[in-house]
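**Student:** Each chain, written out:
2 protein chains.
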Amino acid sequence: MSTEERREQLRAALTDAAERTIAREGLAALKARDLAREVGCALGAIYTAFPDLDALILTVNLRTLLLFDRTIAAVRTAPGPGEGAPSRADREAAVEDLVRLAVAYLRFAGEHPARWRALFQHRMTTAPPDWYLREQVRLFRYIEAPLRVLRPDLPEAERSLVARTLFSATHGIVSLGLDEKLMALSEPVLRRQIETVVGALGRGLAP
Amino acid sequence: MSTEERREQLRAALTDAAERTIAREGLAALKARDLAREVGCALGAIYTAFPDLDALILTVNLRTLLLFDRTIAAVRTAPGPGEGAPSRADREAAVEDLVRLAVAYLRFAGEHPARWRALFQHRMTTAPPDWYLREQVRLFRYIEAPLRVLRPDLPEAERSLVARTLFSATHGIVSLGLDEKLMALSEPVLRRQIETVVGALGRGLAP
Chain P
1 MSTEERREQL
11 RAALTDAAER
21 TIAREGLAAL
31 KARDLAREVG
41 CALGAIYTAF
51 PDLDALILTV
61 NLRTLLLFDR
71 TIAAVRTAPG
81 PGEGAPSRAD
91 REAAVEDLVR
101 LAVAYLRFAG
111 EHPARWRALF
121 QHRMTTAPPD
131 WYLREQVRLF
141 RYIEAPLRVL
151 RPDLPEAERS
161 LVARTLFSAT
171 HGIVSLGLDE
181 KLMALSEPVL
191 RRQIETVVGA
201 LGRGLAP
Chain X
1 MSTEERREQL
11 RAALTDAAER
21 TIAREGLAAL
31 KARDLAREVG
41 CALGAIYTAF
51 PDLDALILTV
61 NLRTLLLFDR
71 TIAAVRTAPG
81 PGEGAPSRAD
91 REAAVEDLVR
101 LAVAYLRFAG
111 EHPARWRALF
121 QHRMTTAPPD
131 WYLREQVRLF
141 RYIEAPLRVL
151 RPDLPEAERS
161 LVARTLFSAT
171 HGIVSLGLDE
181 KLMALSEPVL
191 RRQIETVVGA
201 LGRGLAP
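Chains as they are written, first to last, in the numbering used here: chain P, 1 to 207; chain X, 1 to 207.
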């Protein structure tokens, strides 16, 4: 096995181990020493596979984003309007799509609480690298599709900004709603709140 | 000075010191040892003034909530409709009020970033005490007033739930928007996003 192959193998083993720890005990429990012990390498070897622990965490978080991507891609959404101005029915379908996407986000957060939280808890000392940001931005595209139906008048750049804001609003509802110490809402209650509020948001966005 | 008076004095000194540390360096920088040194008491004396560090942090967070309460109470909002069903103008004023409250929240977070963040970062081992929860709930009342105009049909309990969800949505927009590593939007851009999205939310809520 070449040095590069061995490094790749170590990288995969460390990512698996870190993912398990984060999923089980949360990001705060992640320690380089424990990881080295778990995969059976020297502490220093971690830094031949990753420049630092931040980079390892980002690799785990990228997996979480890809898992979410598969979840969200499976959400049944409207095919989108054909040519010409969107009809009233198109707009209603787009509002429903926004609600469905938000509910899928709630479900994902509920099913993978620790991994999902790690996406936001991880505060790095530098900005995330491009490959990570690209994946984040890709996920906003799912929101941009119904938004294009609701607000065909918006310039592309403004629409992608509004898509991010819609995501942030949904994230706020989900994260405070699932926070046991703060709001403590059950998932069915939270789901109905999302239907009410994200539904209102979609309806109110259409001109 | 009685023992109780001395304890009250120590309590105030510790709260001041903790508030300064949180405002300057954030919640993570708060250490009992440093606090004791700063107020000139023995480490153990802290625990005669507060049952634990959690209780001290909650006292600081209560001050932050009260400061926010003063800010939000100064937001100029519509006097609310008189008798009878709200008119279209009443509803428009209520939507504007929701936007104004959300913008005030953004401004508060921007002016007191560390203290504001501490309100949400602080994860306690037990649920917050009633006096703290009461103050949180009191703040939702500001959102309930315009909501009453927009959705007079909702039962009281449902309305207060929707008010919380509106707060969560706004909090999501503000907190991800101000997060330098995640979204990194400037305050004027964020402000316009709030106007677009919270405005849409308010309009979409009216039946």
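Read the hints as simulated data drawn from the structure, not as lab findings.
Just so it is clear, the structure is predicted and the values come from calculations on it, not from any experiment.
Incorrect hints may have been included.
One side of the interface only, derived from the structure: several residues of chain X facing chain P at Cβ under 8 angstroms [as the list claims (entries may be wrong)]:
1) Leu67
2) Val162
3) Arg203
4) Gly204
Each pair of labels, with its calculated beta carbon distance range [what the hints assert, rightly or not]:
5) P:Gln121 with X:Gly84: 48 to 58 angstroms
6) X:Ser2 with P:Pro188: 34 to 44 angstroms
7) X:Thr126 with P:Thr3: 26 to 36 angstroms
8) P:Pro188 with X:Gly84: 47 to 57 angstroms
9) X:Asp34 with P:Gly40: 38 to 48 angstroms
10) P:Asp54 with X:Asp52: 44 to 54 angstroms
A few chain P residues that don't get close to chain X, going by computed Cβ distances all over 12 angstroms [claimed, not checked]:
11) Glu4
12) His171
13) Arg192
The C-beta atom is built at its ideal place from N, Cα and C for all residues, glycine as well.
**Student:** All hints, please: hold or fail.
**Tutor:** Here is how each hint holds up against the structure:
no. : hint                                      : result
1   : Leu67                                     : violated, 19 angstroms
2   : Val162                                    : holds, 6 angstroms
3   : Arg203                                    : holds, 4 angstroms
4   : Gly204                                    : holds, 3 angstroms
5   : P:Gln121 with X:Gly84: 48 to 58 angstroms : holds, 49 angstroms
6   : X:Ser2 with P:Pro188: 34 to 44 angstroms  : violated, 53 angstroms
7   : X:Thr126 with P:Thr3: 26 to 36 angstroms  : violated, 51 angstroms
8   : P:Pro188 with X:Gly84: 47 to 57 angstroms : violated, 35 angstroms
9   : X:Asp34 with P:Gly40: 38 to 48 angstroms  : holds, 40 angstroms
10  : P:Asp54 with X:Asp52: 44 to 54 angstroms  : violated, 32 angstroms
11  : Glu4                                      : holds, 31 angstroms
12  : His171                                    : violated, 5 angstroms
13  : Arg192                                    : violated, 9 angstroms
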